[in-house]
Structure formats: C-alpha cells, structure tokens
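Here is what each chain is made of, one letter per residue.
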Amino acid sequence: MDFLSRYDLLGAFWVTVQLTVFSAIGSLVWGTVLAAMRVSPVPVMRAFGTAYVNLVRNTPLTLIIIGASLGLYSTLGLALADDTSGTFLKDNNFRLAVLGFVAYTATFVCESLRAGINTVPVGQAEAARALGLRFGQTLGIVVLPQAFRAVIAPLASVLIALTKNTTVASAIGVAEASLLMSEMIENESDKLFLVFASIAVGFVVLTLPTGLLLGWVAKKVAVKR
Amino acid sequence: MTAAAAATPMIRMSGVDKFFGPLHVLRNIDLEVPKGQVVVVLGPSGSGKSTLCRTINRLEPIDKGTIEVDGQPLPAEGRALAKLRAEVGMVFQQFNLFAHKTIVENVMLAPVRVRGVGKDEARRTALELLERVGIATQADKYPAQLSGGQQQRAAIARALAMRPKVMLFDEPTSALDPEMVQEVLDVMTTLAAEGMTMLVVTHEMGFARKAADRVLFMADGEVVEDATPEEFFGAPKSARARDFLGKILTH
Ligand SMILES: Nc1ncnc2c1ncn2[C@@H]1O[C@H](COP(=O)(O)OP(=O)(O)O)[C@@H](O)[C@H]1O
Ligand SMILES: [Mg+2]
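Residue numbers (my numbering), protein chains in the order written: chain F, 1 to 225; chain Z, 1 to 251.
Calculated from the structure, these hints are not laboratory results.
Careful, some of the hints might be misleading.
[Claimed, not checked] Derived DEER-like restraints, expressed as beta-carbon distance ranges: (1) F:Gly-215 - Z:Arg-115: 37 to 43 Å; (2) F:Ala-222 - Z:Arg-115: 30 to 36 Å; (3) F:Ser-74 - Z:Lys-141: 58 to 64 Å; (4) Z:Phe-19 - F:Arg-46: 20 to 26 Å; (5) F:Trp-216 - Z:Arg-115: 37 to 43 Å; (6) Z:Ala-136 - F:Lys-219: 49 to 55 Å; (7) F:Asn-58 - Z:Arg-115: 52 to 58 Å; (8) F:Met-45 - Z:Glu-131: 40 to 46 Å; (9) Z:Lys-83 - F:Thr-59: 41 to 47 Å.
From the three backbone atoms N, C-alpha and C, an ideal C-beta is built for every residue, glycine too.
All chains should be modelled from the sequences, with the hints used to inform the complete structure.
Here it is, written out as structure tokens:
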C-alpha cells in the first residue's frame, strides 16, 4: 500500500470536498429560487422555471461541464478568476465546474423541494395569506421551511449524487480525486484494483456520513401534524 | 365614530356570482353586515357557505359583483389585498396553525411580519391573548401537541392578534371531538358580546340562538332566508329550511 504515499490523495479529495461544498450551497440557493418560480402566481416565472428544469435536468452533466469550459470561457471569454494570477487556469476551471454543477444540481433540488411543497397542506398557505402575508412571505416563512424539513432525505441523495458527480470536473482538468485516479492508473497498472479501491473508499468515507447525518437530521426536524 | 362611519356596513356584497368551472356556487348574493353584528350562516353541505366566507377576504376570487369591507372595495392581488386581509380575521375548520412554529410564535408571526411590531411587544400581546382564550400554559408547545379545542382557541388568538375589524369563522367546531366544542364556542360567545363583527358558518344551534343577531340560511348558492334566530328557529319560512332544521335537530 505504500505506493499511495507517492500521491497526494488527501489533496485530491480536498478538491472533491471543495467542489461538493461550493456546488451544494449554490444549488440549494438556485434550486430554491427555481422552486419559488415554479409555484409563483406569475406565468412568465412559472414558464421559465419549468423550461429551465426540463432542459437542464435532461442534459448530460459532462456536456454541461464541458460546455461551461468551452462555451463560457473559450468562446465567450468569461473568466471567473484573475487572469494575471499564476493559478488562473486552475481557479477558472474550478469555478466554471462549480457553475456547471450548480446549474445542473439545482434542478434536482428544485424538484425535490416541489415535492416537499406538495406535502404542506394548502391550509397552511391559506392561513398565512388570510393573516396578510404576501406571496413571498407565505412561501419563505410558512411553506418552504416545512417543505425543506420534509425533503431532507431526498436532498441527502441529491448531495451524495453531487459528490460523485464532481468526478466529471476531471473532464476540464480540475484536479479532484478521479483525475488523480487516472494518473495513478497510468503509473501503477499492476495495482489497478488497489487504486480503484482506495478511490472508492475515499468516496464512501465522504458520502456515508453525509447520508447518516442527514437521515438523523431528517427525523429530528420532521414536522408533526 | 361619525354617524357616516357607523352607517358604513362592515361587509357589503352586491350581485356576487361565483363559479367553479360549470358549477354556479354563489348566485347573485346581496348582503350587508352592519358593524358589531353577529351573523350565523346555516345550510346543507355544498350550499356555498365556505365559499361565501372565503370570498370576503378573497381567498376565493369572485366572477361578478362587488365586495366591500368597511367601505373599501376588495383590491385585486398584491400589497393592497394583503393589507385588507390583515384586517379580516379568519378561523378555519382545520385550525391551520403553522405546524413548524410554537403556539406563541403562531400568534406573534403576523403582527411582527405584517405590521412590523417589535418581537417583545408582540410576544407580550400574544401571551395576553392566549391567556384570554385559556391556553397560556401551552404557549411554548407545538400545535400537534395540543388538543383540537386548544388548537382552535390558539387559531382564534392568532387571528385576534391582528386586531381585525371583522372575524370570519368557517365551521370552527366541526372538526372537534364533542367534549371540546363548548370551550371554543365560549370564546366565540365572549367575542360576540364584546362587540366584534362576526360571520360564523356553524351548525351549533345553541350558539346561533345565544350569540347571533341574525341567521342566514343558504341553499344551492343562494341566501334563502335572512332572519333573526327567533324567527328562523321558531318559524322557518321555506320548506328547505324546515327540512334542514328537521334533519339537524333530530341529531
Ligand atoms: N376549489 C373548488 N373547486 C371546485 N369546486 C369546489 C371548490 N370548492 C368548493 N367547491 C364546490 O362548490 C360547492 C360549494 O362548496 P362550499 O362553499 O364548500 O359549500 P359548504 O361550505 O356550504 O359545504 C360544492 O359543490 C363544492 O363541491
Ligand atoms: Mg364548508
């Protein structure tokens, strides 16, 4: 096993963790905005939300990530980092990848949340409106907090999928765990199974506690009716 | 209050029609409820009582006619409508307390978020109201931990916290176990005696006789009878009202 010490396994997984965390936060925010659009009384917003979700959710993730790199950066010249800095390419690719993951994962967050909104009895929103709360307040104070509590378990699945999906970032050269794996496979072709196993174990170490923790949180915060 | 302000009815509906698809649910409703009046609405299931109640704060939009609350026509959606709703209290059959908030948080929420009242003041007022409806000791529990009767009293406190001009009740005791009905009716009777304008959909004849100034009997989306409780229960004019009373009084 001492061949592992020749590689920065921890460093690569740290990039995986960072990709996951930033993308998760962004997806949560953008996914919530999309869900709000999809239930809003404004037809244009609803139409945009629906079109976005159906389009992006059904596009392969690899296409989105490569599209972010080739389309946004190479073609449109959108730089998300300081292009005079020595780490420009690394930073820019990392951020483009996060952007792609957010765009994609938010559609799953949106759909989970919408399912959560459906578990909240209509009477809750009616009571809020009857008290004089406006649409945004009704959604933000009464409906979404209850919807979130109902979908923590499905959101945990989305998060676990996101963690594994970050491997797609290797397609645009982000140095996360699977890029390191490719490198290891080339150099250690005699230890193929050990290489696979160590990377797989790394992902399990990341995702298993996520699932357990959020499963526990889901039970803890469940709304009693 | 000037004479003119006193004369403005709290609720005025004129020529109101409401459809659900092809179903004509409210037919040409004309109704004036003066300030301080307590109106009980009776009628068979499906006659449009809930819909009538819900059009008054525009939880259901109407298809024709006009509705005014305290002289103000109901605004369309938006800020103005929210403002009007804040002045019209509503109590639902299913209580609809916010399930993720404690009882006192339920009562404080709208004063803080809609009226901008400070948290401390809102909490003090909320506890006073909970005291008034007899559930101050339950303030920090969640709705699911309370009995139905307690939940409904909390819901009444929540509506009162906005100091509404008028209160709408849609079958407030129909979802309750029989032994809890009276505690809710007691709170409502007190409210009526204090001069609150109330429109109450209920089949509680005791409440209607004791607290109501006026009884409306609805059938098929129309107000068929409009009378005092004595007149209505003593000598209902229409066959449908007699039939209806025969059915509920033998229960
Ligand atoms: N949201 C709705 N969509 C379609 N039909 C409805 C809706 N709400 C009520 N109705 C119908 O309208 C009629 C009147 O209902 P409602 O006002 O609830 O009567 P009540 O409260 O007197 O029992 C009923 O036939 C009912 O089925
Ligand atoms: Mg009803």
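To see whether the hints hold, each was checked on the structure:
1. F:Gly-215 - Z:Arg-115: 37 to 43 Å: Check passed, 40 Å falls within 37 to 43 Å.
2. F:Ala-222 - Z:Arg-115: 30 to 36 Å: holds, 31 Å
3. F:Ser-74 - Z:Lys-141: 58 to 64 Å: holds, 59 Å
4. Z:Phe-19 - F:Arg-46: 20 to 26 Å: This hint holds: roughly 24 Å between Cβ atoms.
5. F:Trp-216 - Z:Arg-115: 37 to 43 Å: Distance hint for Trp-216 (chain F), Arg-115 (chain Z) holds at roughly 38 Å.
6. Z:Ala-136 - F:Lys-219: 49 to 55 Å: The hinted range 49 to 55 Å is violated for Ala-136 (chain Z) and Lys-219 (chain F), with Cβ atoms some 31 Å apart.
7. F:Asn-58 - Z:Arg-115: 52 to 58 Å: violated, 46 Å
8. F:Met-45 - Z:Glu-131: 40 to 46 Å: Holds - the Cβ-Cβ distance for Met-45 (chain F) and Glu-131 (chain Z), about 44 Å, lies within 40 to 46 Å.
9. Z:Lys-83 - F:Thr-59: 41 to 47 Å: Since Lys-83 (chain Z) and Thr-59 (chain F) have Cβ atoms about 44 Å apart, the given range 41 to 47 Å holds.
In terms of the numbered hints stated before, the structure departs from hints 6 and 7, listed from lowest to highest.
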